[in-house]
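Trainee: The sequence shown lines up with residues 3 to 392 when you count with the numbering used here.
No lab work stands behind these hints, which were simulated from the structure alone.
Note that the structure is predicted; figures quoted are calculated from it, not measured.
Built from N, CA and C at the ideal position, the CB exists for glycine as well.
It is possible that part of the hints are untrue.
Distance windows between CB atoms, simulated [claimed, not checked]: (1) Y27 x G226: 27 to 33 Å; (2) A244 x R223: 18 to 24 Å; (3) A198 x H150: 36 to 42 Å; (4) G296 x A164: 37 to 43 Å; (5) A91 x A164: 39 to 45 Å; (6) Y27 x A286: 41 to 47 Å; (7) L48 x A352: 26 to 32 Å; (8) T321 x F228: 48 to 54 Å; (9) Y115 x A171: 37 to 43 Å; (10) L291 x R188: 50 to 56 Å; (11) Q227 x A164: 39 to 45 Å; (12) G26 x S251: 39 to 45 Å; (13) A198 x P68: 30 to 36 Å; (14) E175 x L48: 22 to 28 Å.
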Amino acid sequence: MSTAAFLGPFTQTVYVPSLVEIGGYLHADMVLVNLTISIFTVILALSSFIVGPLADARGRRAVLLPGMLAFVAGSLICLFANSYWAFLAGRVVQACGISTGSVVAAAVIGDLYAPQERAQAMNTYQLLVFLGPVFGPIVGGLVAGYLHWQWAFGVLAAAGLAVAWYNAALLPETLARGGGGNRLTRAGIGRVIGNASARSILLIGFSQYYGYYVFLVFLPRLAGQFGLGSTGRGFAFVPLTAGILIGISGAKRWLGHCPGTRIMRLASYALAADVLLLWLLVAARALSLPALCGVLLIYGLLLGGSLPAQSTLLVNLFTAERATAMGIYNFTRFMGAAAGPLLGAFIAGAFGGAAMWAVLGALLLASAWVIQRALTDPFEPASLRQRPGL
């Protein structure tokens, strides 16, 4: 199941190394080529908002398996596309199909595992989700180097078929175990959005993905001021990626000894402090390469360490609307991913790079305050429970 969730972010970045070649092949300028990335992210967000309620109404298999076949169809359209608009249509179909993976995977984890066991399963889920955008450019670059950029979509089609076959053969319908079965209604969506704890998780999810994609887009510029070439700028992502992987791996042990609500409170405030430190260093023109690497490592560590707690707490809050909640959660995260590069570029262009980091730090700080005030876990032992606002 987590492999299906991996394919979403992997597909977002698999052809990034070949953007220039794609523009030449399809006779499209960079704005149109970049649109194929942006529209994929936006559709992931919008589709996730719909997929969750459908999975709660019709079942996990009934939504996931057709979605994976749609993803395969979209990948084949991109593989054989000879025009820009055919390629864009393939990307739209891909996004609509693969959006089922991330939502249904988290919902199935919530269905199958008891509250005390969900954290470990969520670790694997979040680890694969964040490995997707890391390995996408690597695999895509290798395929383009030895074959042709379009064959990256052949790899995606084969992977989609393998995931669809595996889940068709081995995945049982888990909805009944979770006690769900709601019809798709605005009331179900309203129950998720109306829950104060859920709203706080949605806000922190948006803020953290906003920040993550700001780092992904603007880190090469930060690293470039130290005279690093393209290879060196690529290695600048290593501390961030390493921190995320270490954080997600460490969360397995942390969640066994510390309540998820406490982890999220501490990590949320620490993330804000880390970004505000970066802002001060940039504003004072005191940023050094070791300091940048340290900020990135800490940011990744805190981000990775808090992600499993977010998913675990959200599925703990709901039973009948579990997939709906995960759909809305993915919607807000992908909207953050789409907004980060656009708003970041606007703020940096209008007020300077330091202002962009200041705004991100303020957003994370406000989100941490909301987490502090509103977040609770119904399965947290009373002896460990902290009243909201304290």
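Trainee: Hint by hint, which ones does this structure get wrong, listed from lowest number up?
Mentor: Hints 3, 5 and 9 not satisfied by this model.
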